[in-house]
Amino acid sequence: MNNYILGTATVGINDINMMQPEFRNTSRNMVLAHTALGRIFSSHDSLLEFLKQNTTGIFVGTSHGELQCSSDFLRYIEMEGLARPILFQNSLHNSILGFVTKAYGLTGPSFTISSQHFSGEDALCLACDVLDSQMIQYALVVGVDTIPSGIEDIFYSTYKKDVKLVEGAGAVLLTNKQNLSAISDYIRPKAIIRDVKCNKTKAVGTTENVNEKGYYDSNAIEKLCKAVETNIARVDTEKPDGSSSVLSLGFE
Amino acid sequence: MKTNKVIITGIGSVTPFGSGVDTLWQNTLKSICCSKNGIGVVPDKVLGESSLSSKTMSMTLNSIHEAMHGAKWSNLTEDDGLIVATTTGLTTLWEADLMSYFKDSDAKTNIFASFKKEPLGVFLYEVCSALNFSGRSLLVTTACSASTQALGVAAEWIKQKKVRRCIVVGTETICALTQKGFGCFNLISETPCRPFDKNRNGINLSEGSACVCLESLDTAIVKPLASVLGSGFSSDAHHMTAPNPTGQTTAMAMNTAIHNSGVKKEDISWVHAHGTGSVHNDLAESKAIGIVFNGYDCPPVTSTKFIHGHMLGASGVLETVLCVKSINDSVILPTYGLLEPDPEISINHAKYSSVKIKNILKTTLGFGGINAAIIIGGVNE
Chain A
1 MNNYILGTAT VGINDINMMQ PEFRNTSRNM VLAHTALGRI FSSHDSLLEF
51 LKQNTTGIFV GTSHGELQCS SDFLRYIEME GLARPILFQN SLHNSILGFV
101 TKAYGLTGPS FTISSQHFSG EDALCLACDV LDSQMIQYAL VVGVDTIPSG
151 IEDIFYSTYK KDVKLVEGAG AVLLTNKQNL SAISDYIRPK AIIRDVKCNK
201 TKAVGTTENV NEKGYYDSNA IEKLCKAVET NIARVDTEKP DGSSSVLSLG
251 FE
Chain B
1 MKTNKVIITG IGSVTPFGSG VDTLWQNTLK SICCSKNGIG VVPDKVLGES
51 SLSSKTMSMT LNSIHEAMHG AKWSNLTEDD GLIVATTTGL TTLWEADLMS
101 YFKDSDAKTN IFASFKKEPL GVFLYEVCSA LNFSGRSLLV TTACSASTQA
151 LGVAAEWIKQ KKVRRCIVVG TETICALTQK GFGCFNLISE TPCRPFDKNR
201 NGINLSEGSA CVCLESLDTA IVKPLASVLG SGFSSDAHHM TAPNPTGQTT
251 AMAMNTAIHN SGVKKEDISW VHAHGTGSVH NDLAESKAIG IVFNGYDCPP
301 VTSTKFIHGH MLGASGVLET VLCVKSINDS VILPTYGLLE PDPEISINHA
351 KYSSVKIKNI LKTTLGFGGI NAAIIIGGVN E
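So the protein lines, in turn, are chains A and B.
So for the first sequence, the working numbering puts the first residue at 1; every next one is plus one.
So for the second sequence, the working numbering puts the first residue at 1; every next one is plus one.
Because the hints were derived from the structure by calculation, they are not lab data.
The structure presented is a predicted model; accordingly, all values stated were derived computationally and were not measured.
Be careful, since some hints might not be right.
What the hints assert, rightly or not - Derived, one-sided and incomplete: chain B residues facing chain A with beta-carbon distance under 10 Å:
1) C33
2) N37
3) Y101
4) G368
Said to hold, decoys possible - Below 25 Å or equal to it, Euclidean Cα-Cα: the simulated DSS-like pairs (lysine-lysine) are:
5) A:K213 - B:K159
6) A:K197 - B:K159
7) A:K164 - B:K159
8) B:K159 - A:K161
9) A:K160 - B:K159
No residue lacks a Cβ here, since even glycine has one placed at the ideal position from N, Cα and C.
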């Protein structure tokens, strides 16, 4: 591992404006992911151009993906007898990735990962693997999830009652040692990812109550961002089903 | 390129033809199309009596067990890996209940129970549990390029020694969401699809599962069937559903795969294309192939989707299984269903031929502009 975290950004549902013209026919997931990435790019006027000129991968981790659009698509069929193409094209988990690559003109390798409570961690680990393979020079990792409207009662029923669910996104920009100097005119390293450990079957010692600040399945990236910003070297996350993860960071 | 070589030692499949790679292969050689009215469905009888929770799980585990049996893997251990590729996961278990709920939210439906299967991660969890597997796992859902990406990632995991061996399995089950969805784009052809044909009029959807076992020569018990020599990925950044019509970004993925494999372009014997039979895919993909082989003799190009239909996220691994069979039987398959080549598509359409295959370029294109390519090497390469 030992990849460098160059940029971080978190976005809550109140931070986005769905009414912007560029967000016509989009979903909240797409806008959250787009806004999080935009915040990273805004750290330097030419950062996005630099990333486009180099091989930059995007890794989206999302548990429920575009469940809102899938649900709306099925509802239209059932209630109106009408299949709406826009809802189908947006119904894939991968449509978040399709939207952000198009919006920012990024043509490098890109992946959508969905591993329920570990969607953020798995996207992060895959990004590090692909960096290690030298197939890419830079990696943007996004963890994003929303709560589908219209079926909230069903959706909430799949979580324990005391879990406070929220919508949000986190994004990080990563690179490895070989490519660090080339980007240093645009952005400087904030931390190093030392290790990501996932215990997908049962809980290990944890330090945080999931109810405290609100939870979404792919929120590991948001938690990673907050740890980087506050110089915390270890992020423990207890998942609603008792499984857990530990992210270890280093600061130079 | 001999060191850390990633080899394929087991293959498995469940298709509308039945369970087992031999069934798929025999039907392929007889040029039989599995689709009825544009849809290929796996008959329930194929899977037999099963205590598993769903057809999706039955298909997945059937193909995994066949591949593991071929590779002589008795079980998976903690240092192995497992990558599942799908776009629909267990959707068939909850979508009908959800639609009933929309009609009458007070009606007694099963939705509160069945909806627990909605996250794709639950499918991954169930596959791992069924195999009693606690090693590294991942679910890739990058549209129709998902399982080609999964093959590339698995090969990297093995090369980097992050896992000892790895299973890659792709599964899709026909559901209302995909059937109505592709239908509303007028993308489904009710007749057998005709990739690269002047009169092609759409895709055939299908369901099933395909699996390969990947490992290095150090761990292999059986003779290698083929190898995964390199992979390449790119994004179009062009359109949510249509590929980049210039083929440029798709060609990037193909060129990267060739470069990473260390194989010379003149040593690619065959291109196994995505070739869905949709107007836009076939045009863009053929342009990409033209860009990649500009200045070289274009190798023969084939799409086999007339036979097995489009298995969406599972198509990459399913077609890799066919590539492995082709390598081992020394045959290049033609594009079945191609009667009158589209004059706008200037590729070297493959004819059935018996020939020793050196290397294959396998490509896929997905919604969201996701391109993936791998180089599959012959056994002696």
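Hint check results:
At a threshold of 10 Å, the smallest CB-CB gap from B:C33 to chain A is about 25 Å, leaving the interface hint violated. Restraint check, B:N37 versus chain A: the minimum CB separation of about 17 Å is more than 10 Å; hint violated. Hint status for B:Y101: holds, given a least beta-carbon distance of 7 Å to chain A, under 10 Å. Satisfaction of the interface hint for B:G368 is found here, the shortest Cβ-Cβ separation to chain A being roughly 3 Å, below the 10 Å cut-off.
Taking the CA atoms of A:K213 and B:K159, the gap is about 40 Å. The hint is violated against a cut of 25 Å. A C-alpha spacing of about 21 Å is found between A:K197 and B:K159, which places the hinted pair at or below 25 Å, so the restraint holds. Taking the CA atoms of A:K164 and B:K159, the gap is about 42 Å. The hint is violated against a cut of 25 Å. This hinted pair does not check out: B:K159 and A:K161 have alpha carbons roughly 44 Å apart, beyond 25 Å.
For the hint linking A:K160 to B:K159, the alpha-carbon distance of about 41 Å lies beyond 25 Å, and the restraint is violated.
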